[in-house]
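Asker: Those protein sequences? They're chains C and X, same order as listed. If you read the first sequence in the numbering used here, its first letter stands for residue 8, the second for the next number, and so on. If you read the second sequence in the numbering used here, its first letter stands for residue 5, the second for the next number, and so on.
Each hint should be verified, as a subset may be incorrect.
[Stated by the list, open to error] DEER-style ranges, computed between Cβ atoms:
hint, chain 1, residue 1, chain 2, residue 2, range
1, C, 31, X, 418, 57 to 65 Å
2, X, 349, C, 35, 41 to 49 Å
3, X, 418, C, 270, 25 to 33 Å
4, X, 226, C, 31, 22 to 30 Å
5, X, 418, C, 35, 20 to 28 Å
6, X, 103, C, 135, 43 to 51 Å
7, C, 71, X, 384, 41 to 49 Å
8, C, 232, X, 385, 53 to 61 Å
9, X, 297, C, 31, 28 to 36 Å
10, X, 385, C, 299, 30 to 38 Å
11, X, 260, C, 306, 53 to 61 Å
12, X, 297, C, 257, 47 to 55 Å
[Claimed, not checked] The list that follows gives simulated cross-link-like pairs (lysine-lysine, DSBU-like), each with its CA atoms no further than 30 Å apart:
hint, chain 1, residue 1, chain 2, residue 2
13, C, 62, X, 374
14, X, 418, C, 256
15, C, 64, X, 379
16, C, 256, X, 374
17, C, 256, X, 379
18, C, 300, X, 418
19, X, 119, C, 77
20, C, 262, X, 451
21, X, 119, C, 64
22, X, 254, C, 262
23, C, 262, C, 279
[Said to hold, decoys possible] Which residues of chain C face chain X? A partial, calculated answer using Cβ under 10 Å:
hint, residue
24, 26
25, 27
26, 48
27, 54
Hints were generated in silico from the structure; no laboratory data involved. Remember, predicted model here, so these are calculated numbers, not experimental data. Note that CB positions come from ideal geometry on N, CA and C, so glycine has one too.
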Amino acid sequence: MRVTANMSADTSVYNIMQGRRRLDRLQELITSGQNVNRPSDDPISSRLLLDIGDKMKAFDQYNANIIKAKSWMQFSDTALSGMNDVLQQARSLMNTMTSGSSDPNERQNAHNQLVELKKQMIDMVNTQYGDQYIFGGADNLVPPFNTTDNTFAGDGTERQIEIASNTTQTISITGDRLLLGIGANPSYGTTNILQTFDDLIAAVGDATTPSDPAAITTAVQSLDPASRQIFNAINTNLSRMTRVDNMSKLNDINKNTLTDIVGNIQNVDMVKLGVQLNTEMNAFEASLSATAKLSRMSLLDFL
Amino acid sequence: MGLSAAMEIGKNGLNIYRVATEVTGENIANVNTPGYSRQRVLLETAPPTTANGFPMGTGVRIATVERYYDALLQQQLVNAATTLGYDTAKSNTLQQIEPAFNEIVNDGIGAAISKFFGSWQDLTVNPSGTAERQSVITNAQILTDNFQMISRTLDDSITMQNDSLVPLVDSINATLKDIAQLNGQIKTTELVAGNANETRDRRDQLIRDLSQKIGITFTENTDGTTDIKFADGGAALVTGETAGAFSLDKITDPNSFAVQLTPVGAVPPAVGVNPTTGQLGATLALRDTIIPAYQAQVDTLATTITTQVNTQHTAGFDLNGDPGIALFDPAATNAATFGLNPAIVNTTQIAASSSALLTGDNVNAQLITKLQSQKLMAGGTLTLNSYFDGLVSKIGLDVASSKNTVSQDEAFSKQLTSLRESNSGVSLDEELSNLIMYQRSYQASAKLITTATEMMDTVIGMIR
Chain C
8 MRVTANMSAD TSVYNIMQGR RRLDRLQELI TSGQNVNRPS DDPISSRLLL
58 DIGDKMKAFD QYNANIIKAK SWMQFSDTAL SGMNDVLQQA RSLMNTMTSG
108 SSDPNERQNA HNQLVELKKQ MIDMVNTQYG DQYIFGGADN LVPPFNTTDN
158 TFAGDGTERQ IEIASNTTQT ISITGDRLLL GIGANPSYGT TNILQTFDDL
208 IAAVGDATTP SDPAAITTAV QSLDPASRQI FNAINTNLSR MTRVDNMSKL
258 NDINKNTLTD IVGNIQNVDM VKLGVQLNTE MNAFEASLSA TAKLSRMSLL
308 DFL
Chain X
5 MGLSAAMEIG KNGLNIYRVA TEVTGENIAN VNTPGYSRQR VLLETAPPTT
55 ANGFPMGTGV RIATVERYYD ALLQQQLVNA ATTLGYDTAK SNTLQQIEPA
105 FNEIVNDGIG AAISKFFGSW QDLTVNPSGT AERQSVITNA QILTDNFQMI
155 SRTLDDSITM QNDSLVPLVD SINATLKDIA QLNGQIKTTE LVAGNANETR
205 DRRDQLIRDL SQKIGITFTE NTDGTTDIKF ADGGAALVTG ETAGAFSLDK
255 ITDPNSFAVQ LTPVGAVPPA VGVNPTTGQL GATLALRDTI IPAYQAQVDT
305 LATTITTQVN TQHTAGFDLN GDPGIALFDP AATNAATFGL NPAIVNTTQI
355 AASSSALLTG DNVNAQLITK LQSQKLMAGG TLTLNSYFDG LVSKIGLDVA
405 SSKNTVSQDE AFSKQLTSLR ESNSGVSLDE ELSNLIMYQR SYQASAKLIT
455 TATEMMDTVI GMIR
């Protein structure tokens with residue numbers, strides 16, 4: 008084949024460009040540390056990376072939901088423990104008043120304490136998280152209970168949130184189930200705790216009204232199931248907290264797995280690239296040097 | 005005959021080697037001229053005479069000055085240029101679009117969709133919270149911005165392709181006219197004398213340039229002219245010294261010019277043509293098929309989000325207990341018009357509740373978050389996110405394959421160009437050795453004349 012100086016020059020330029028392109032690609036890989044920097048680098052892996060990216064975003068969102076749900080449930084737990092304490096206080100008070108009292112002062116004192124305990128109970132059930140009443144169900148912008156009557160102003164809908172793909176978790180306990188003992192799925196008991204307090208207050212009597220020992224006995228008997236009812240609620244709440252904790256860990260594990268997959272696809276092998284870079288640089292320098300040497304040669308120099 | 009014949013041969017030699025040196029000079033001067041084919045002087049013996057009693061040559065003469073030219077190679081170069089023109093134009097434009105869809109490095113529509121539904125998740129935890137409601141509106145706005153950005157990028161790209169038709173068609177027409185004109189010059193020159201080598205080189209170069217822009221077929225005629233036909237349909241573009249012309253119909257659709265052609269000899273009006281090859285074909289394919297297909301997918305995504313979210317949103321109730329209104333503008337028909345419903349002016353209008361009476365209910369918000377994991381796209385086979393991921397992957401695949409094709413085309417063209425250069429390119433070393441050869445011959449011819457002169461002197465001296 009006849010070879011002209013221009014052909015050599017063209018070939019040199021073409022190959023130098025190819026070499027530059029390969030070096031540029033290696034440089035991009037090394038400096039970015041990523042194998043895929045744009046969809047066209049690897050369309051199939053891109054698809055996988057984007058899909059994993061979407062899933063990881065979802066896991067982050069679920070964990071954000073769980074963090075919020077947990078503080079909600081911690082608020083519930085504090086309030087429920089408080090209610091339990093109130094019931095214990097009522098019980099120890101009634102232990103000293105099993106058959107009432109003939110002393111008007113003592114009766115008035117017990118009466119006042121019971122009224123106060125019921126108020127505390129209502130304060131607890133009206134606990135707010137942010138501007139929401141946590142025991143108010145879906146109608147949570149008004150206090151669920153007031154001190155004048157025992158009607159529930161809230162709603163029996165329990166709040167559910169998503170804690171993993173298509174997995175929801177109930178996070179709220181409603182006031183009617185808790186204190187009035189009505190509602191099902193779940194039911195913590197059937198005792199109307201507020202009514203029990205009213206019964207106790209009425210049975211104990213006051214400075215002017217004598218005690219009714221029979222009514223006291225009946226009302227005190229309701230304190231046990233009342234305690235169990237609160238206890239059930241506490242246990243339900245705790246087991247929910249455990250479940251979301253576990254789910255949060257599971258989400259983290261899943262996310263770590265996905266991060267590993269992304270790492271396998273995306274992380275460049277620096278050692279391999281280093282070796283490649285050396286090889287390419289040698290080849291590139293050789294092509295530059297060959298071009299420089301060969302293009303100097305001409306018959307003109309010898310004429 | 006006598007001594008004057010020897011002098012005549014010497015004179016011819018001087019003349020001819022001067023011409024040969026001129027041809028070498030022409031070659032050296034054009035060593036870097038694109039499309040130039042090296043020329044050589046073909047020498048032959050002058051007709052013999054029998055004046056001496058036996059046949060004897062009368063020196064040397066120039067048979068022709070011919071150029072090194074391979075018609076088959078020209079054909080292949082033309083075809084390769086058409087493919088390269090198409091693939092390069094396509095690849096360049098696709099590479100300009102790709103960054104808008106580069107979700108791997110930047111957050112785009114995919115991330116915006118996730119964030120939008122994420123804000124609804126946040127709302128399920130606190131359905132009456134103002135901050136959470138504001139976040140839903142803000143993320144809907146971010147989603148709008150992303151859709152409009154992508155839509156604008158694709159629109160701009162289509163407009164750019166359309167606008168580029170004007171200079172492209174102008175340049176094709178100019179080339180056609182030039183080729184026809186050169187055809188005329190070649191014909192006239194060659195009628196008078198020899199080969200119009202340089203003019204042919206220029207015309208062949210123009211044909212190769214033209215073939216990058218449109219697909220052509222060409223035939224070389226005996227009178228030296230070349231006829232050119234349009235590869236898409238076979239209409240005559242150049243016949244002898246007349247050229248046809250392309251034109252653009254800018255009136256029927258000002259945003260999408262139609263390409264028309266007036267072939268050689270046809271009377272206007274121009275007829276519509278549909279070029280599918282070369283740069284012109286690529287420009288039209290990008291404008292009419294490739295980019296609109298991407299756009300259609302983005303539009304489908306935007307309208308599906310609008311319809312689905314709106315349907316669920318209107319099934320719920322807002323913080324005032326009123327039925328929800330459309331969250332996204334229901335008038336939107338594509339990604340460009342996608343946006344928040346202008347009637348949404350207050351955060352209380354976000355319908356998170358499924359009951360008019362219960363403001364703290366989150367059931368409707370939950371149902372809206374579920375839309376993200378539902379397979380709403382592609383006939384119920386893909387979620388919103390995976391549909392978009394698929395589009396990104398498809399664009400990546402298109403860009404990757406067009407880049408590959410271009411580098412293959414370039415390698416092929418390089419090989420053909422090398423072959424052409426090998427055959428027709430000027431080698432300075434070769435020309436220099438020719439130059440020395442011709443110089444020596446010139447000196448020898450001169451010596452012949454001086455020797456003949458001396459002999460003549462001897463004869464004249466004898467007379468004295």
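Asker: Is 57 to 65 Å a correct range for the gap between the Cβ atoms of residue 31(C) and residue 418(X)?
Answerer: Cβ of residue 31(C) to Cβ of residue 418(X): about 19 Å, so the range 57 to 65 Å is violated.
Asker: Taking 30 to 38 Å as the stated bounds, is the beta-carbon spacing between residue 385(X) and residue 299(C) within them?
Answerer: With a Cβ separation near 59 Å, residue 385(X) and residue 299(C) fall outside 30 to 38 Å, so the hint is violated.
Asker: Holds or violated: 41 to 49 Å for the Cβ distance of residue 71(C) and residue 384(X)?
Answerer: Roughly 29 Å apart at Cβ, these two residues miss the hinted range, so it is violated.
Asker: Is the hinted pair residue 64(C) and residue 379(X) satisfied, with a Cα-Cα distance of at most 30 Å?
Answerer: 18 Å, holds
Asker: State, for the Cβ atoms of residue 260(X) and residue 306(C), whether the hinted interval 53 to 61 Å holds or is violated.
Answerer: 58 Å, holds
Asker: Next pair to validate is residue 119(X) with residue 77(C); report whether the Cα-Cα distance is within 30 Å.
Answerer: Holds - the C-alpha atoms of residue 77(C) and residue 119(X) are around 22 Å apart, at most 30 Å.
Asker: For the hint 25 to 33 Å, verify it against the beta carbon of residue 418(X) and that of residue 270(C).
Answerer: 39 Å, violated
Asker: The hint says 41 to 49 Å between residue 349(X) and residue 35(C); measuring C-beta to C-beta, is that right?
Answerer: The hinted range 41 to 49 Å holds for residue 349(X) and residue 35(C), with Cβ atoms some 47 Å apart.
Asker: A range of 47 to 55 Å was offered for this pair. Does it hold for the Cβ distance of residue 297(X) and residue 257(C)?
Answerer: Taking Cβ atoms as reference, residue 297(X) and residue 257(C) lie about 41 Å apart, which means the hint is violated.
Asker: Below or equal to 30 Å on CA atoms is what counts here, so check residue 262(C) against residue 451(X).
Answerer: Distance ~95 Å between residue 262(C) and residue 451(X) Cα, so the pair is violated.
Asker: So if I understand the rule, the pair passes when the alpha-carbon distance is 30 Å or less; does residue 262(C) with residue 279(C) pass?
Answerer: Within the cut-off at roughly 28 Å; holds.
Asker: For the pair we were handed, residue 300(C) and residue 418(X), check the Cα-Cα distance against 30 Å.
Answerer: 23 Å, holds
Of the numbered hints given earlier, the model fails hints 1, 3, 4, 7, 10, 12, 14, 20, 22, 24 and 25; all others are met.
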